[in-house]
Structures are given as structure tokens and as C-alpha cells.
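A.B. asks: Here's the letter readout for the chains.
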Amino acid sequence: MRIAILGRVFAVSVCLTAASGCVSTRYSWNDYDQKLYHHYKDPVKYDEFCAQLKEIIEDGEESGRVPPGLYAEYGFTQYEKGDFKASCKYFKLESDKWPESRALMAKMISNAELRDKSSKKQSQPPVTEGGAQ
Amino acid sequence: MKRIVTLALMGAALLTGCVHQKDLSKFEAAKPTSILVVPVVNESVEVTASDYFLSTISVPLAERGYYVFPVNLVKRMLEDEGLSDATLVHTAPPQKVCGLFGSDAILYVKIKEWSAKYMVLSTVVNVKLAYAIKDCKTGETLWEHEEAMAYTPQNNSTGNPLGDLIVMAINAAVTKAAPNYVPLARQANAKTFNTEGLSIPFGPYALQR
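Chains as they are written, first to last, in the working numbering: chain A, 842 to 974; chain B, 860 to 1068.
These are calculated hints, taken from the structure and not from any lab test.
Derived lysine-lysine pairs resembling DSSO-like cross-links, with alpha carbons at most 30 Å apart: (1) B:987 x A:876; (2) B:885 x A:938; (3) B:976 x A:882; (4) A:886 x A:930.
Produce the complete structure using the sequences and hints provided.
C.D. replies: What follows is the structure in C-alpha cells.
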């Protein structure tokens, strides 16, 4: 409890020093950094992290301020969970929004499509190599 | 008289020169629009530091106007490529690592300090970071910076010496249980990427330019 209050006080003071950061940001982050930190702290709660990423995307879409990398990050959680269709969808969204991501997203999409096909052929998905090559 | 004026001018130049301006000519010539953040080399004894730090870096870089590759995806992909050791990634040719992701520039961060010093009545938390951005085509260093931050829990005076002692003791106990490095790392990043003359220039997606 005390730690939480201290943390909050500190966060406010950080915002004050960073000034511009809190007033108006380019993107709708929705505490993305805090959520990623909690994921690294407590990786077991993976579903919670996935849901939070999705929330950030949905909120960001309302204001047209989805941060760079978020579609891809969420798509990757779906890839890791074995939902290759969903992962493709989000990799495509990232690719459409950010031209800088296109080379990587093309690889991610073709990986996801490959795994989607092979998971349909066999009940057990085969191990594919890392993919980013 | 002339000499005095020159001396005065030199003094003024020295005073204003306190904020050391970075040479951004190489960065401006390379004009990267995307930055790949690779896993962080951790020189501290806190094993969690690298992952915790990684969570703090996307926001300030993207707000500065750059496309930042998704840090968690990048970390996981590198692990799959057999590059889970951050030192290995940092010593590999930038062109090779960038080639896996198609980025313009690559940011290397080294955690030099991530520690808490416990004193009797108060605790000081320290974070020291070394940042370097390299060009993905040439491998040349475009910008580098080192930032250190220290934090002592606020000792709000109660106006009564005995009350003050109690507050300080509570602060030390709280920090000892869970030294909070992450806000400090965020603050270091905010200072590094928001201070004109220190930071990299605004990127193509920045609000103000």
C-alpha cells in the first residue's frame, strides 16, 4: 500500500519533470510501459498481458493514436498462443500503418501462414525455425 | 579594455557551454526513421534489470518521432535465432542484426548501475545507463549518451525532529523491501530524449519539430 502511494507520488514527480510527456502525447499509450513491466515481472499472467495489449489498441483506434509496434506486439502474443489467423490480422494492421515495419511483418505473416497451414494438416504444430531470416 | 571584453565573452561562453551540445551532424545526415532496440547489456547484479529497462524505452523514443520496433517481439525473435545473450547481440555487426528486422538505426543500451545503497535512515537508489545509436547501413555511431540518476525517498519534514526520524525510517524500510528502479530508468530516458542539445533530433512522426 505504502509502496503503491510512494510509486504514485514518484510517477507524478517524473511527469512534472518530463513536463511535455504527460500533458499531450503523440500516441495513446495507456500505461503500455507499466503493463510490459508487469509482464516481465510476472510472466505467468500472460493472458492478462494479452488482454491489456488489446485494450491499448482499441483505445488507440478510437483516437487514431495507436502507438507504433502495438499491433505487432499483440499479433505476436496470438502467434505464441497458436492463433495464427489472429496473428496474421494484426501483423497486417502493423504493416499497413507503419511502412517501416513492412519487411519484418512480411516475414511474420509468412511464418504465421505456414504454421497455420501445417497446424491444419497435422494436429500437432511442427517446430519452425525462428523465422526472422 | 578589449581584453576584458573578450575575457567576459569567454566567461559567458563557458557558462552557457555547461549544457554540452551533442554533434548531431552524422545523425542528421543518416536521417533514420525507424529504431531497433535490442536487448540490454546488464552490468549490474540485478538479473531483472535488462527486462525491466526494456519496458521503459519504447515510449520516449516513439514520442520523439521514430518508429520503434516492438521490443518484446524483437527480444523473443532474437532468442529464437540463438541470440538470447545481449552481449552477443551488441558485439555482432549492426548490419547483420538490423538485417533481421529491416531497421534504419539500432539502439544499444548498457546498464552500468542499477543498485540501492542502504544507509541507516535513508536509502539511495542509483541507475546509470549508456546509450548508443548506430547506423544500420554503415555501422557508424550516430549518437551516444550516458545518464545517471539517483533517488532518495522524499523525506517530508513533519516539523518535529522525532517525527522526521520515524518518516525516514519508514522510507528506508519501504525502499529496502522493493527498491524501485523503473521510475528512475523512465526519468533517465525522459531526460535523455527530451533535453534539446542532449537528445537525438525529432523524428518524422514527432508532434513538434
